[in-house]
Structure formats: C-alpha cells, structure tokens
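Trainee: These protein sequence lines map, in sequence, to chains A and B. Note that full-length UniProt numbering gives residue 49 to position 49 of the first sequence, counting from 1, and the numbers run on in steps of one. Note that full-length UniProt numbering gives residue 400 to position 400 of the second sequence, counting from 1, and the numbers run on in steps of one.
Please keep in mind that the hints were generated in silico from the structure rather than gathered at the bench. None of these values were measured; they are calculated from a predicted model. Hints may be right or wrong, so weigh each one.
[Claimed, not checked] SDA-like, lysine to any residue: derived pairs with alpha carbons at most 20 Å apart: (1) B:309 with A:276; (2) B:442 with A:70; (3) B:454 with A:167; (4) B:388 with A:47; (5) B:442 with A:175; (6) B:508 with B:493; (7) B:436 with A:63; (8) B:264 with B:288; (9) B:442 with B:404; (10) B:436 with A:66; (11) B:454 with A:162; (12) B:459 with A:168; (13) B:442 with A:58; (14) B:442 with A:60; (15) B:442 with A:61; (16) B:309 with A:78; (17) B:436 with A:261; (18) B:442 with A:78; (19) B:442 with A:72; (20) B:575 with B:159; (21) B:436 with A:58; (22) B:442 with A:276; (23) B:333 with B:536; (24) B:454 with A:169; (25) B:388 with A:70; (26) B:531 with B:364; (27) B:442 with A:279; (28) B:454 with A:168; (29) B:190 with B:240; (30) B:309 with A:72.
Chain by chain, the residues run as shown.
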Amino acid sequence: MTALTDATAPVAGLPATGAARQVWRRLRTRPAALVSAAVLLLLVLLALAAPLLAALAGQDPHAYHDDLVDSARGGVPYGSFGGASADHWLGVEPGTGRDLFVRLLYGARISLLVALGATVVQVLVGLLVGLAAGLGNRWVDATLGRITDVFLALPFLVLAIALTAVVPRDFPRPLLLILVIGLLGWAGTSRIVRAQTLTLKSLDFVAASRLAGSGRWRTARRELLPSLAAPVITYAAILVPTNIVVEASLSFLGVGVTPPTPSWGQMLSTAQTWFRADPAYVLLPAGLLFTTVLAFTVLGDAVRTALDPREAGRLGVGTRKETSR
Amino acid sequence: MRHSSVISRRVAAAAVSVVLASGAAACGPEDAGAKGGTSGKAAGAPQKGGTLTVLNNEAQSDFDPARLYTSGGGNVPSLVFRTLTTRNREAGAAGTQVVPDLATDTGRPNKDATEWTYTLKEGLKYEDGTAITSADIKYGIERSFAAELSGGAPYLRDWLVGGDTYQGPYKDKKGLASIVTPDARTIVFKLKKPEGEFPFVATQTQFVPVPKAKDTGAKYEEHPVSSGPYKVVKNENDGEHLVLERNEHWDPKTDEERKAYPDKIDVKSGLDEAVINQRLATSSGADAAALTTDTNLGPAELAQVGSDKALAARVGTGHFGFTNYIAFNPKVKPFDNPKVRQAISYAVNRTSVVNAAGGSALAEPATTFLPEQKAFGFTPYDHFPAGKTGNPEKAKQLLKEAGYPNGLTVTLLHSTAQNRTTSPEIATAVQEALGKAGITVKLDGQQPNSFNEKRWSVKDAPGFFLSRWGADWPAGGPFLAPIFDGRQIVTNGSNYNHAQLNDPAVNKEIDEINKLTDHKAAAARWGALDKKIGEQALDVPLFHPVYKQLVGKDIKNVVISDWTGVLDISQVAVK
Chain A
1 MTALTDATAP
11 VAGLPATGAA
21 RQVWRRLRTR
31 PAALVSAAVL
41 LLLVLLALAA
51 PLLAALAGQD
61 PHAYHDDLVD
71 SARGGVPYGS
81 FGGASADHWL
91 GVEPGTGRDL
101 FVRLLYGARI
111 SLLVALGATV
121 VQVLVGLLVG
131 LAAGLGNRWV
141 DATLGRITDV
151 FLALPFLVLA
161 IALTAVVPRD
171 FPRPLLLILV
181 IGLLGWAGTS
191 RIVRAQTLTL
201 KSLDFVAASR
211 LAGSGRWRTA
221 RRELLPSLAA
231 PVITYAAILV
241 PTNIVVEASL
251 SFLGVGVTPP
261 TPSWGQMLST
271 AQTWFRADPA
281 YVLLPAGLLF
291 TTVLAFTVLG
301 DAVRTALDPR
311 EAGRLGVGTR
321 KETSR
Chain B
1 MRHSSVISRR
11 VAAAAVSVVL
21 ASGAAACGPE
31 DAGAKGGTSG
41 KAAGAPQKGG
51 TLTVLNNEAQ
61 SDFDPARLYT
71 SGGGNVPSLV
81 FRTLTTRNRE
91 AGAAGTQVVP
101 DLATDTGRPN
111 KDATEWTYTL
121 KEGLKYEDGT
131 AITSADIKYG
141 IERSFAAELS
151 GGAPYLRDWL
161 VGGDTYQGPY
171 KDKKGLASIV
181 TPDARTIVFK
191 LKKPEGEFPF
201 VATQTQFVPV
211 PKAKDTGAKY
221 EEHPVSSGPY
231 KVVKNENDGE
241 HLVLERNEHW
251 DPKTDEERKA
261 YPDKIDVKSG
271 LDEAVINQRL
281 ATSSGADAAA
291 LTTDTNLGPA
301 ELAQVGSDKA
311 LAARVGTGHF
321 GFTNYIAFNP
331 KVKPFDNPKV
341 RQAISYAVNR
351 TSVVNAAGGS
361 ALAEPATTFL
371 PEQKAFGFTP
381 YDHFPAGKTG
391 NPEKAKQLLK
401 EAGYPNGLTV
411 TLLHSTAQNR
421 TTSPEIATAV
431 QEALGKAGIT
441 VKLDGQQPNS
451 FNEKRWSVKD
461 APGFFLSRWG
471 ADWPAGGPFL
481 APIFDGRQIV
491 TNGSNYNHAQ
501 LNDPAVNKEI
511 DEINKLTDHK
521 AAAARWGALD
531 KKIGEQALDV
541 PLFHPVYKQL
551 VGKDIKNVVI
561 SDWTGVLDIS
571 QVAVK
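Pulled out of the complex, with its shape left as it was, chain A reads as follows (with noise of 0.2 Å):
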C-alpha cells in the first residue's frame, strides 16, 4: 500500500509547475542534454533564418552556377573542398553548381518541419486512440486494438511510397509528407497511451474523480492526461529523429519533396555515388543529419531519466495487484 502510494505522488504531481520545475533541475545536471538541445535549438534558429542567411552569402538555393564545376570531369567542382570558396562557404553540388550552405539550410527547413509535424500528428491520434480504447468498454478497445495492430504490422515504407506516389502533384509536398509519416505512424504511441490509461484507471485518484461525479472525458482530460505526459513526451522524443529519417528514406527513394526543393534525404540521395570523388558533398548533409538524430535521442533519453521512468514504470503496481488477486 505505501508502495503505491510512493508511485502515485510523482506522476499526479507532474502537472504542476513545481514537477516541471523539479524535470528541469534534473535536466540541468546533464551537460549531453545541455548540449543537445542548444545544438537543436541552432539548428532550428538556422532553419528558421534560412531566407535572411541567404541573403547575408548573396546565394539562392536554387541558382545554376556552370562556371563553378568541371564539366569534362562529371561536373566535379572545380577546387578543394567541393568547391568552398568565399562565395560559396560549403562549396557547391556537383554537375549544377548549386550552393551547398544555403541548400543544406533550406533542407534542414524541410526534414525538421516535416519531422516535427509529423510528430504532432503521431501523438494527437495515438493519444485520441490509446485514451478511447481505455476509457471505452470491451468492444470499442477490441476494434481500436485490431485497427492498431494493423497500423502497426503495415509495411509503412511500402504504403509510404504508394501514398506519396498517387496523390496529386499539386498537394503540398512537405503537408503530404506529414500526413503521410503522421498517419501511418501513431500506433505505437496509441499502445503506450493505452496501457498507461488501463494502470491508471484502477488507481485512487482516478476513482475518486469518477465518484465525485465527473464524466468520462472530463476524467480523461482533468486526470488522465497530465498523467500521460511523461511517457507521451518521453515517446515522443524518439519519434522525432524516426521522422527525421523516414522523410529522408522517402526524398532518397524521390517520392519525398519535389526537386528543386532541397532535403537532407534528397541531398544524400544525389550525393551516394559521389562520396570518392567529392566527399564533401556527401559528409555535409550526412554530418548533419546524424547530428540532429544524435542530438534528439540523447535529449529524449535525457527527458526520460527526468521524469524518471522508473517511478513510472513501478505504476506496473497496480497492474501487480490485478494479477495477483
């Protein structure tokens, strides 16, 4: 009985600032945090400014420069490090002469949007799901879970691809590209929801709420959901660089963003068979795209130690006692 006490208090504190308060200080204390979200931060600061930086090399993302490369040579670019110069601080893409730096920009706009909202999309149904299939009764969550296990059996790539493939060319590519991930992708968020919402609604405070006369989706919101944001944001966190890396699965294979658009995954795609001749036209999209996953797994871990998942996991209590009676 006091363990369950112990376990409850943390997690139906958490919404209250102090419980943020308390995350952030133990965030605090962990310098590869610290360093991953200031990287991400850059990151989506340079994303964000990527017009004015633009301007500031006097560089368009998507200006032919044929001067720049050797064409009886493949269109290597002419000089040292494909191409850096004054003009062009990141050197240039081979064959078109394209700036590197502001293409490399304008591409982190795409794989963070798309990765972000495709994120928002995952968790907004997962949590509609997960929370329905464990407020409802036994019909409604033998549905929702089939239906989940469907989404979580399909070969999301190959669905991916067709969706992105017979949609109109008209639809915006990067909105497409959100539902796309955002809608193929939210079971596994739903499952986690789900469970939590089974532990919890055995617990105290959840009957108490249900007595004092509230209805079900009151519960839901006043009670369940603060409780569900640990896990949900811990979730989360992995989803984003998952995202990150299907958007550029997806512009690899061509059925992302529409050319000229520039994405990391494009980038790569066009820069595999270079990576001899001109190496740094394959290291400057790579380096990026794995410091940005880096950066968004060691803070979601960071996140996750913070709202201590263990305490959360020791709700597993309450289930304990259900197998045990």
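Following the hints, position chain B against chain A.
Mentor: Relative to the frame of chain A, chain B by itself:
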C-alpha cells in the same frame, strides 16, 4: 494488324531501353582516330588464347535467336550466332556499315526493293559439323513468329508478305510463303513495300539459322546450336553465368568479322554497377582480362578516373545513336502555339542540361533530332539558336508575341528513375533555365512505369515532357519514322509520335526514302527531312549521350563502333 503492330511497338520500346541499358561505348567520329582499333595497355599484336571475363550488370536471360532484339542480339550472342549480314566490326563511323556474314553480299534487291535475294557462303557448318542451309534460316525466321518466342523486332512482321497473320511453324506447318529457298544456298524475301534498309534488318538474330531437328521451342535457349566461333558450354541461373568455348567447326575463312582471339569466355552477370567499375579499375587476378558490355562510368566515377592517367588510358569512348529531348504534344494548350514552343527552344540552357547529364564527357549538346553521325544523315541545323546557355530575352519576346507578356506556368512530366536522361536532374536544369525567361515550370515526376504509360499514350500524354529515342540500326529510318510518320500514331498502344504529326508531305517523303537502296543517298534525304521537320519546333533536342567504359589492364584490341556503342567482344584479345 493493328494489334500486332501495337505489340511490336511496345517491344521496340523495351528493346530500345535494353540497348540503352546495355550501355554502349562506341568510338565517336572524333575519338575514333585517337583510339582507333587498338587501345588498352598492351603493346604487341593481339594473340590467340586465354580466358576473357565479362562482368555485367544484367543477365543474358534470353539466348534464343528468335527472342533477341538488336543486331546480332548484342554482344555475347553475336559470338554464337551468325546472321545473313552483320555489323562492320570497326571502330567509329566505319562500324556503322552493314557487311555480309553468312551471305556472300549484303543482299541483291529487285528494281523496287520489294524483293531481296541472298546466297550463302560455301562451307558453313554448325557446332556439330552439319551444313548450314538456307532452309534453316527460313525456319529460324518462321519460329520468331511463334507467340511463345516473342521479343524480336517488329520489322519482319510488318514487312514480309503475310507476316501480319503468320502464327509460326508450330501452329502453321506450311511455313511462310514470302520466304523462298530455291536451293540450299539461296534465300529470297518478298516484302509488302519497298524497304531499302532491309540489309540492316538482316543483321538481327531472327536471321540466325536454326536446324529444325534440334528445335526444342521455348527450351532451345538452354542450348542454342552455334553457327559462330564459340558455343555455349554452360548457362547457369537463366543466363547469369555463361561459359563459351571454341566451336571447332567454325571456319575463320568464312568469317571476316569475328576475330575470336580468346579460347574461353566467362560471362558473369548480376553484379552491381559500382562493383563492376571498381573491379575493372583494380584489375587484379582474372579481372585484368575482364571487360563489361553493359556498364558505363557515371559522372562521379569519371571524376575519379580523370585524376588517374593510367586508368584514364583504359577508358573506351562510345557514341551510340541516341537523342534525349523535350517533347511537345501540340494537342495540349499552350503548346499548340508554335511561338510558345519556339520560346522554350530559345530558353533552354544546354550547358546546364549537359552538366546534369554527367558533363561534357558524357553528353554532347544537341540541336538536331538526328544523332551527329553521317550514317543517320546528320545535317546540322539550329533553327532556334539558344547559344550555350540559353537566350531568355528572345524567349520573352516570343512569349509576348504569343500573348503571354507576363510569362506562363507549365508542367513538365519526367521520370524519377536515376538514369540521367529523363530524370529529375535534367528536368530541374530545364526548369531553372526556363525560369529565367519567365516560364514557371512545375515538375511532375512519375515512377518509370507510369511515366512511360503517360508519354506513350495518345489520349493522356501531357503537353510537355522529357523523352528519348535510340535507333535499331544506324540509319535515319528507324530514327525518324516512328517519331514523325503520321501512320505510326498508335491510338491504343505505345505511341512514339509524341507530336502526333500527320503531315502528308512528311509521310510521302518517308515512303520515298524507303525505296532507296543506296544508303548514302538515303542518309542525305533523312537529314534534309530532319532539318525540315525541325522548323516546326515539335521538340527541343537536348543532348546525345556519350558512353565511357573501363576495360581490364590486359585487354587488347578495343573496338567500339558507332553502331552499337558497345565494346565489341569479337575483336578483343587478352594475350
């Protein structure tokens, strides 16, 4: 008739793409002199003996002469199969000529070129020592009409009297009456209409002799009977691994074309293109005596090879008759307006396009539809001079005259295949150049299958798309007729006449040229026709590809003709 012709068109397209995939590295006119007949590391005259290794990407999954498409069936089959006529096995432009193979000459036409007579050389034998007869050639052609052996070129079906209804020898034992064999060494072909280019078609593998007693139908490809210098001793995994050894009954005195230096040829396919090029570059062990017939160097690989002189000396250059172009469908607005089409012709920046195609070593800017080779009838013209980098001012002025003073927005269909011909890189280069002339281009990239379906459909073809064309043999006929002959507009199948041009004057001229048996005279007329059609701005020629292929360091006698564009195995020596 319509139906069969539809199928054949489709097959033609497939084969054209196969030819492209098989790469091609033919010495171009300008390179021919420099590279000449012998290159590779090796000093000294080529010697007989040794094993040649072929490292290929695509397996030789068809080895039945009825099912192969190109002249001699390409490279490896041409070592096993002999045909009535064949390609002149010389580098560069000389290689575009048709020369006798099994026959004593390239064919004797009657007065109006509707009847062609061939006489076989004496002493021709199969790998089992039995004599090759004209009846075997007739039988070989007949079996190519059988439905189960489809895949060959459509020409015989369209040209031979009764060819459109003939079902092949398995169903119709009587045979094809339009092929007559008065004696064992004579064969006569009767055609529906004059075909001056018949000797070119006689290079295709449907003209390979097949002994009726040895025919096993669809299984014949497992062991085709050799008439050439090598016989197939091993064929594993549907052509993935082939071993050829000498055919002792092949008499070099009857074959002036095939040199047959190596004793053994080992063909390994199913390899990744990057791996093939890496292995050839390293040239260690058996790979020193290796080459590829279907893998070209890409732009990045070329950039690497360029910095290594020893490696650069092992690169063969080929010019295959091929044109990449922007196609217009004038049935779709605003491309019905010639001024809009002209404006786009002026606005195109061929330097960017060539760079997108892999740079000046892998592509040459094109202003004519015909490839830049005499055999095709190349006649230079540049009706809408865009210069090296485009003329956006002139384009803007034309747009204004066309009623678009504020520019216009159009959609360009292209494929998402990474082939550097109809791919996003080319489309983006076009988009960028047209943007400077006030033409906003939206890109519609489609998967290769749906891309082809769209561009080959009379009903659904958009107004503006990337396309390409390669020739079945080096002459103007197979280049211009499918693209501009109004009677070749196919409404219920694959249509290559993208502009849907049906001009009685053009049709008539095509018929007139087909009557010519003098290929030089015909070439001049094809060239003039190309120039004339060019005035209508029905397409924007972009570039002709150039093929670069690596060979192993022990390879001698590299011969690359302008006909195939592919290094010719029959000439190569490893000692």
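Trainee: Tell me the hint numbers this structure goes against, listed in increasing order.
Mentor: 2, 4, 6, 13, 18, 19, 20, 22, 27 and 29
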